[in-house]
Amino acid sequence: MNLIVVSLITLGVIGCLAAVILFFVAQKFKVYEDPRIDEVAAVLPGANCGGCGFPGCRGFAEGCVKAETMDGLLCPVGGAPTMEKVASILGRTVTATDPMVAVVRCNGTCANRPRNNRYDGAPSCQIVANLYGGETGCSFGCLGYGDCVAACQFGAIKINPDTLLPEVDDEKCTACGACVKACPKNVIELRKKGPKSRRIFVSCVNKDKGAMARKACTAACIGCGKCAKECPFGAITVENNLAYIDFTKCRLCRKCVAVCPTGAIHELNFPPRAPQAPKPEAPKTEPVKAEAPKPEMAQAEVKTEVNTTPEKTNNQQA
Amino acid sequence: MNKLIVSPSPHVHSGDSVKKNMLNVIYALIPAYLVSLFYFGLGALIVSLTAIVACVLFEYLIQRFLLKQKPTIGDCSAILTGLLLGFNLPSNLPVWMVVIGALVAIGIGKMSFGGLGQNPFNPALVGRVFLLISFPAAMTTWPRPITWNMQYLDAETAATPLSLIKEKGAEAMPRLLDMFIGNMGGSLGEVSAIALLIGGLYLIYTRTITWHIPVSILATVFVFTGIIWLVDPEMSMNPLMHLLTGGLMLGSIFMATDYVTSPMTPLGQIIYGIGIGIITVVIRVWGSYPEGMSFAILIMNAVTPLLNTYIRPKRFGENKTK
Amino acid sequence: MKTFRIGGVHPEENKLSARRKIQVVPLPKQAIIPLSQHLGAPAVPVVEKGAEVKVGQLIAQAGGFVSANVHSPVSGKVAKIDTAIDAWGMKMPAIFIDVEGDEWLPEIDRSEKLLTSCTYTPEEIVKKIADAGIVGLGGACFPTQVKLTPPPGKVAEVLIVNAVECEPYLTCDHQLMLEHAEEIVIGVTILMKALKIQRAIIGIESNKPDAIELMQKTVSRQMGIEVQPLKLKYPQGGEKQLIDACIGRQVPSGALPIEVGAVVQNVATVYAVYQAVQKNRPLIDRVITVTGKSVNKPGNFLVRFGTPLNDVIAMAGGIPENTGKIIAGGPMMGRAMSNTDMPANKRISGVLIMQESESTRPEPQNCIRCAKCVSVCPMGLEPYLLARLAGKSMWDEMEKHNVMDCIECGCCLFTCPSNRPLLDYIRMGKNKVGGIIRARNMKK
Numbered sequence: 001m002n003l004i005v006v007s008l009i010t011l012g013v014i015g016c017l018a019a020v021i022l023f024f025v026a027q028k029f030k031v032y033e034d035p036r037i038d039e040v041a042a043v044l045p046g047a048n049c050g051g052c053g054f055p056g057c058r059g060f061a062e063g064c065v066k067a068e069t070m071d072g073l074l075c076p077v078g079g080a081p082t083m084e085k086v087a088s089i090l091g092r093t094v095t096a097t098d099p100m101v102a103v104v105r106c107n108g109t110c111a112n113r114p115r116n117n118r119y120d121g122a123p124s125c126q127i128v129a130n131l132y133g134g135e136t137g138c139s140f141g142c143l144g145y146g147d148c149v150a151a152c153q154f155g156a157i158k159i160n161p162d163t164l165l166p167e168v169d170d171e172k173c174t175a176c177g178a179c180v181k182a183c184p185k186n187v188i189e190l191r192k193k194g195p196k197s198r199r200i201f202v203s204c205v206n207k208d209k210g211a212m213a214r215k216a217c218t219a220a221c222i223g224c225g226k227c228a229k230e231c232p233f234g235a236i237t238v239e240n241n242l243a244y245i246d247f248t249k250c251r252l253c254r255k256c257v258a259v260c261p262t263g264a265i266h267e268l269n270f271p272p273r274a275p276q277a278p279k280p281e282a283p284k285t286e287p288v289k290a291e292a293p294k295p296e297m298a299q300a301e302v303k304t305e306v307n308t309t310p311e312k313t314n315n316q317q318a
Numbered sequence: 001m002n003k004l005i006v007s008p009s010p011h012v013h014s015g016d017s018v019k020k021n022m023l024n025v026i027y028a029l030i031p032a033y034l035v036s037l038f039y040f041g042l043g044a045l046i047v048s049l050t051a052i053v054a055c056v057l058f059e060y061l062i063q064r065f066l067l068k069q070k071p072t073i074g075d076c077s078a079i080l081t082g083l084l085l086g087f088n089l090p091s092n093l094p095v096w097m098v099v100i101g102a103l104v105a106i107g108i109g110k111m112s113f114g115g116l117g118q119n120p121f122n123p124a125l126v127g128r129v130f131l132l133i134s135f136p137a138a139m140t141t142w143p144r145p146i147t148w149n150m151q152y153l154d155a156e157t158a159a160t161p162l163s164l165i166k167e168k169g170a171e172a173m174p175r176l177l178d179m180f181i182g183n184m185g186g187s188l189g190e191v192s193a194i195a196l197l198i199g200g201l202y203l204i205y206t207r208t209i210t211w212h213i214p215v216s217i218l219a220t221v222f223v224f225t226g227i228i229w230l231v232d233p234e235m236s237m238n239p240l241m242h243l244l245t246g247g248l249m250l251g252s253i254f255m256a257t258d259y260v261t262s263p264m265t266p267l268g269q270i271i272y273g274i275g276i277g278i279i280t281v282v283i284r285v286w287g288s289y290p291e292g293m294s295f296a297i298l299i300m301n302a303v304t305p306l307l308n309t310y311i312r313p314k315r316f317g318e319n320k321t322k
Numbered sequence: 001m002k003t004f005r006i007g008g009v010h011p012e013e014n015k016l017s018a019r020r021k022i023q024v025v026p027l028p029k030q031a032i033i034p035l036s037q038h039l040g041a042p043a044v045p046v047v048e049k050g051a052e053v054k055v056g057q058l059i060a061q062a063g064g065f066v067s068a069n070v071h072s073p074v075s076g077k078v079a080k081i082d083t084a085i086d087a088w089g090m091k092m093p094a095i096f097i098d099v100e101g102d103e104w105l106p107e108i109d110r111s112e113k114l115l116t117s118c119t120y121t122p123e124e125i126v127k128k129i130a131d132a133g134i135v136g137l138g139g140a141c142f143p144t145q146v147k148l149t150p151p152p153g154k155v156a157e158v159l160i161v162n163a164v165e166c167e168p169y170l171t172c173d174h175q176l177m178l179e180h181a182e183e184i185v186i187g188v189t190i191l192m193k194a195l196k197i198q199r200a201i202i203g204i205e206s207n208k209p210d211a212i213e214l215m216q217k218t219v220s221r222q223m224g225i226e227v228q229p230l231k232l233k234y235p236q237g238g239e240k241q242l243i244d245a246c247i248g249r250q251v252p253s254g255a256l257p258i259e260v261g262a263v264v265q266n267v268a269t270v271y272a273v274y275q276a277v278q279k280n281r282p283l284i285d286r287v288i289t290v291t292g293k294s295v296n297k298p299g300n301f302l303v304r305f306g307t308p309l310n311d312v313i314a315m316a317g318g319i320p321e322n323t324g325k326i327i328a329g330g331p332m333m334g335r336a337m338s339n340t341d342m343p344a345n346k347r348i349s350g351v352l353i354m355q356e357s358e359s360t361r362p363e364p365q366n367c368i369r370c371a372k373c374v375s376v377c378p379m380g381l382e383p384y385l386l387a388r389l390a391g392k393s394m395w396d397e398m399e400k401h402n403v404m405d406c407i408e409c410g411c412c413l414f415t416c417p418s419n420r421p422l423l424d425y426i427r428m429g430k431n432k433v434g435g436i437i438r439a440r441n442m443k444k
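These protein sequences, in sequence, are chains A, B and C. Quick note on this note's numbering: the first sequence kicks off at 1 and runs consecutively. Quick note on this note's numbering: the second sequence kicks off at 1 and runs consecutively. Quick note on this note's numbering: the third sequence kicks off at 1 and runs consecutively.
One or more of the hints may lead you astray.
Some residues of chain A that are not near chain B, with every Cβ distance over 12 angstroms (derived) [stated by the list, open to error]: (1) GLN27; (2) ASP34; (3) GLU39; (4) GLY46; (5) ARG58; (6) GLU68; (7) ASP71; (8) LEU73; (9) GLY79; (10) ALA122; (11) LEU165; (12) VAL168; (13) VAL180; (14) LEU190; (15) CYS224; (16) GLY263.
What follows is a set of in silico ranges between Cβ atoms, one per label pair, in the way DEER data are often shown [what the hints assert, rightly or not]: (17) B/PRO120 - A/PRO35: 50 to 60 angstroms; (18) B/ILE146 - C/LYS392: 36 to 46 angstroms; (19) B/GLU234 - A/ALA26: 12 to 22 angstroms; (20) B/ILE73 - C/GLN23: 46 to 56 angstroms; (21) C/ASN419 - B/THR210: 38 to 48 angstroms.
For the record, the hints were derived by calculation from the structure and aren't laboratory data. From a predicted model like this one, the values you see are computed outputs, not experimental measurements. Where a beta carbon is used, it is the ideal one built from N, C-alpha and C, also for glycine.
So that you can see chain A by itself, here it is in the shape it has in the complex (with noise of 0.2 angstroms):
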């Protein structure tokens, strides 16, 4: 009994002794910190993912407290309503941006790019990339040991089993940007998600001449120029063999779809053509009614003259 009180006591008074230490010790070395900090951490989404170039979440808090305006300062995976719950925050207001979404510019299916050789080594795009240029005749384009995937922490992109590409998740893409980064061809790009996320691309990357490209890929860009000619809005430059699609200028009136001879330009989402219209200009069925808020969308409706009024609408497709 004796013994057990005397093990209470000793070990009690030990306890308090330490709290009392400690409560000093916390005292004595506390640092200040901005209380906004911890707030603006609060309603980040905590995924860490280094999208907005900012060591971590708390980083970012971090920055944007001490930061002037809300300038330059994007949480990609929050988008546009995590922003404003920020600025409220910190009292200032957000210009509003559009939202982007990870594009894969590649359409080298084991179809369409036949490989010509086996790759046995450690499973990375990294190490092809370093070691020869891949699998296929093309060697710009996906080499398919999906570092973009490992890159991605949200689980939106996968290889998919059939064509070895990597494919992306709209609704779980929240263009962070680390696939960007992985990939060591740079085939991904972040691209405006678009209305209704319709998006119009170059799918390709092969700067190769015409005939080179079209020879280790049947999807290749060949740099024929028929797009840009066809563009009205100046969108499409080609450069090194290579069309590229300007995503703030594209209005996604898809004629460089129809014209494109191999088929590298993709047009996401969108409804169905009419199925008679042979030529380029068809779709009479105005694709675009969805993006009737845009007024040039309006325009061309109020048309329909389809073939020089492009039904509009700034996608990028991805």
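Mind docking chains B and C on chain A? Use the hints.
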């Protein structure tokens, strides 16, 4: 012609594999195993086989049903763990205790960290120390070595030289030669120094292990106990006896050299060996357990990551002139 | 017997083509001559489409200090200057020449006569070597004249001739020594003169006793040259390892061999120097080993640059049915090719054809921390650690652990019992860290 295969260099391989290394260690244990079968007979056979079968089975079951991995029992590492666990047990231990030891060794010692290569502690020793703490009496009554002993659980018991000296003093010791060939009480694989040494030489010859760890442990124990013996012969026995008794030979050649839990650099390995030697002697001479090898190895296992971080190999060009 | 002090492995030698006489490969119909057959800036073409060229004529000039001239290995007409695809699917600028006859420049001495005395000054020798477009033929293709011009403040003391040929399978240097020992020894004296030094060591591994004996006999009259037999160990042909083996000095991290007073030249380079200085013959061909367990007639072939490797392989009996992998170079450091249309050039010392069964790597397993990679690394690095850091993109840590010292010899992957792709990751990390260091230096 088929599609050519492209891979980064080098394009040839030594042909070495995990399995080959594990098998080499198992081959090296055969002489000691034969000696223990000779002295402990049926008991040795039952205990060792139980340990092996249980270890392999537990590894398979855990990988198959708990971790849902591809089973890796084919690499023979579970067989080796089982064999080493068996070697560290008295040959009259009940089967159910052996099975519990195997479960702790594989389940807690190895698989809970992620399997082969991830475990910080030597699994066989984790199992052994668990049994030693849980069932101290059963773990420290050893059967008397009898030629072709066919008794198992009710075998006549004998103390090990180390417990003899703790309890009765130096005069009760067996002869040095008996200790060398293994005619003494003890866990089933640890008794015969000569058989273990043969196995150790085989391992070094096949480059399965390097000399650094065993030699540094044995040398440290010899020197340290030698100093104690010279200062006060009452406190400790002859350093030669220290080398030949307990799990020292087994531990330094087979347990401490476990790839996964020993340091990566030669200097680190020597420091590790010296640490094991010193802790072993301290436990043997001043501690309450007669035997300190298992604890010493486990303690130094914990130091291994530190040694790996701070001890770097000698880089090329660091010594500019010769 | 001497050898280097840290690490090393013993791969199976498989010198199947040893002591096979050097055969001459016939000229191709069209020669494709890459402009970048060396380390450094690509050469700049000095001929136009349609120009008539003769054998040995300069067709592209060095594009910088670290660069090398390129000469026409054939006579004929320049068909085009365009890009060709190399064996790794990458583009390389090249000059295409349609071969017509075999007409050599008149100043090239094509006789077999041995010219022993060299009357040129050191500066003239270096200039002749630079003009001839000679690069290190051991594989790195570093322009030779750069090596012969020590940076200010550094003094060369000894010339080390690399006749080790530590790569398994390859035998081209061995055969070259057997057939051209005297020319090589004269080449050594020329290089000693160019470097203004009195001492040279020819390092040869002990698996070539006939070459050691022959070289010893040939140099016995020469002052200051010694033949040093070396214990068989890979990677003895690594520059730093060879210096350590021959003179017991270790080149510090990040430094060049000249730091310890050594200049290393490959034995094939020495032969090319003899040809260039004494015979006015630029570097237009080299000996290539074509070998492999399933190859019909493994052998050593004298090939003009620009000849498609297919032609060379055909001389050895063609590509066998069960081929899985074709490697440019040896099995330890050579690069696996995705096609064999690539032309022979200064970089390729051998073509190794591997059967399908020996071409794939076994499935990697967990690292068992056996430390074998640490013990075989000839640079004293920790491959297991570097590979892990590379997998986690920890470039700063990798730099701290001396990843830039890695010579990519492949000992770690060769020895790993778990078959882990250590070197794949280390090489990738090394490229990254190299880029980071370059960027940092640019900023400064």
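The hints, checked one at a time:
no.	hint	verdict
1	GLN27	34 angstroms, holds
2	ASP34	36 angstroms, holds
3	GLU39	39 angstroms, holds
4	GLY46	27 angstroms, holds
5	ARG58	27 angstroms, holds
6	GLU68	43 angstroms, holds
7	ASP71	44 angstroms, holds
8	LEU73	38 angstroms, holds
9	GLY79	37 angstroms, holds
10	ALA122	8 angstroms, violated
11	LEU165	19 angstroms, holds
12	VAL168	28 angstroms, holds
13	VAL180	25 angstroms, holds
14	LEU190	31 angstroms, holds
15	CYS224	31 angstroms, holds
16	GLY263	26 angstroms, holds
17	B/PRO120 - A/PRO35: 50 to 60 angstroms	41 angstroms, violated
18	B/ILE146 - C/LYS392: 36 to 46 angstroms	57 angstroms, violated
19	B/GLU234 - A/ALA26: 12 to 22 angstroms	54 angstroms, violated
20	B/ILE73 - C/GLN23: 46 to 56 angstroms	53 angstroms, holds
21	C/ASN419 - B/THR210: 38 to 48 angstroms	21 angstroms, violated
Violated hints, listed in ascending order, are 10, 17, 18, 19, 21; each of the other numbered hints is respected by the structure.
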